[in-house]
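Mind docking chain G on chain B? Use the hints.
For the protein sequence lines, the chains are B and G, in the order given.
Following my numbering, the numbering of the first sequence begins with 4 at its first residue and continues without gaps.
Following my numbering, the numbering of the second sequence begins with 1402 at its first residue and continues without gaps.
Errors might be hidden in some of the hints.
To be verified - Which chain G residues stay away from chain B? Per the calculated CB distances, all over 10 Å, these:
1) Cys1404
2) Gln1423
3) His1430
4) Cys1512
5) Thr1513
To be verified - Not everything, but these chain B residues come out facing chain G in the computed CB check (under 10 Å):
6) Gly21
7) Ala55
8) Gln133
If you are wondering where the hints come from, they were derived from the structure by calculation, not from laboratory data.
Here the structure is a predicted model, which is why all the values come from computation and not from measurement.
Ideal Cβ positions, reconstructed from N, Cα and C, are used throughout, including at glycine.
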Amino acid sequence: MEQSAPEDDRLVAESLQGSQLAFQLLVERYQERIFRLIRGYVRESAEVEDLAQETFLKAYKNLEGFQRQSSFYTWIYRIAVNTVLDHIKRRGRSPVQAVEDLEVLPVTQMTRSPAPAANLERAEISSITQSVLEEIPEIFRTVLVLREFEELAYQDIADMLGISIGTVESRLFRARARFKEKLLQKYPEFGTEL
Amino acid sequence: MECHDARSLIQSYLDGELSQAQAAPLRAHLLDCQPCRAGAQDEKNLKRWFVAPQTPAIPQGFAARVARAAVQGEPLPRRSRLTALPGSRVSGATPVGADREGGMLRFVLACTAAAALLLFTLALGIRTLSLPQTNQLAADDREEVQLDKVLEELDQLNRTQAAAGAPR
Chain B
4 MEQSAPEDDR LVAESLQGSQ LAFQLLVERY QERIFRLIRG YVRESAEVED
54 LAQETFLKAY KNLEGFQRQS SFYTWIYRIA VNTVLDHIKR RGRSPVQAVE
104 DLEVLPVTQM TRSPAPAANL ERAEISSITQ SVLEEIPEIF RTVLVLREFE
154 ELAYQDIADM LGISIGTVES RLFRARARFK EKLLQKYPEF GTEL
Chain G
1402 MECHDARSLI QSYLDGELSQ AQAAPLRAHL LDCQPCRAGA QDEKNLKRWF
1452 VAPQTPAIPQ GFAARVARAA VQGEPLPRRS RLTALPGSRV SGATPVGADR
1502 EGGMLRFVLA CTAAAALLLF TLALGIRTLS LPQTNQLAAD DREEVQLDKV
1552 LEELDQLNRT QAAAGAPR
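Isolated chain B (complex conformation) (with noise of 0.2 Å):
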């Protein structure tokens, strides 16, 4: 992921000094990645903007507990990813929590992936895609989110969810069973037999 530690870190400074002007700028920095990584979740337009928001001031009011030694991008996809899971939890909308050993059914494992028809649009491939992952456990939908969506390397998704880089790599693998999984039960006309 591009990025400008240097300039992230003064704006930080200058932002606990009390410039408006610097902490717009850094909202300005990352306002599309975060619009982007939370409308991963939520669909609706005007949730994303309170969330977004609702980010942002956290980390303003957490500004001076930003260690350095993360990137300001890990820092602040942290914030966002938990506003949005306590914002899920708080709905009740989430699916099951989910166990690190889940076990996949076997019918992903007889069953070749899909891919997406040819003549799918790329809005109705996301729009299946958002759906499947609307049913799949947080800890699964987060790594595929930043992984998929995000196309974070895993010792960031790893620096941001607190985990090892291994932890990441089997949430992945189980992620994206799980992902084929759903898609099969829900889509089962995109499943060709082994």
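Frame of chain B, contents of chain G only:
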């Protein structure tokens, strides 16, 4: 490389997470092993589903608004809660916060009406309590009883003095 090892590395390989030293033997194995190659193709197919949703349009002035709220402590309206209000008007031309102002006005009017009703009830109660409870003209029964008693005592005193023939 064994198939078991290869399968465990395929996802990391496709994610670009393997070093050259790890990726080279995997590539060699995939060239030789059709089932593992098919497994890799499966993973690639699955990844094609992950089309990132379109970034929602960021409202104009979002960063400035958030920065002002953060630094100056100004409250920010929550759009999702507002739109969920029953009976709220939905209009593209309605500025953000207009419904909030209308709601505040309704709240103030309701409070004023409740306060007026409370004041009226209180005044009515005080007035009712201050009115005579019977149709007697006496303002206070207790005072009337005391006066009778005093008069009777005075009469008694007069009678006693008269009987004793005391000079006036």
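Status of the hints after comparison with the structure:
1. Cys1404: holds, 15 Å
2. Gln1423: holds, 13 Å
3. His1430: holds, 18 Å
4. Cys1512: holds, 27 Å
5. Thr1513: holds, 31 Å
6. Gly21: holds, 7 Å
7. Ala55: holds, 8 Å
8. Gln133: OK, holds: Gln133(B) within 10 Å of chain G, min 6 Å.
Violation of the numbered hints given earlier is absent; every hint is satisfied by the structure.
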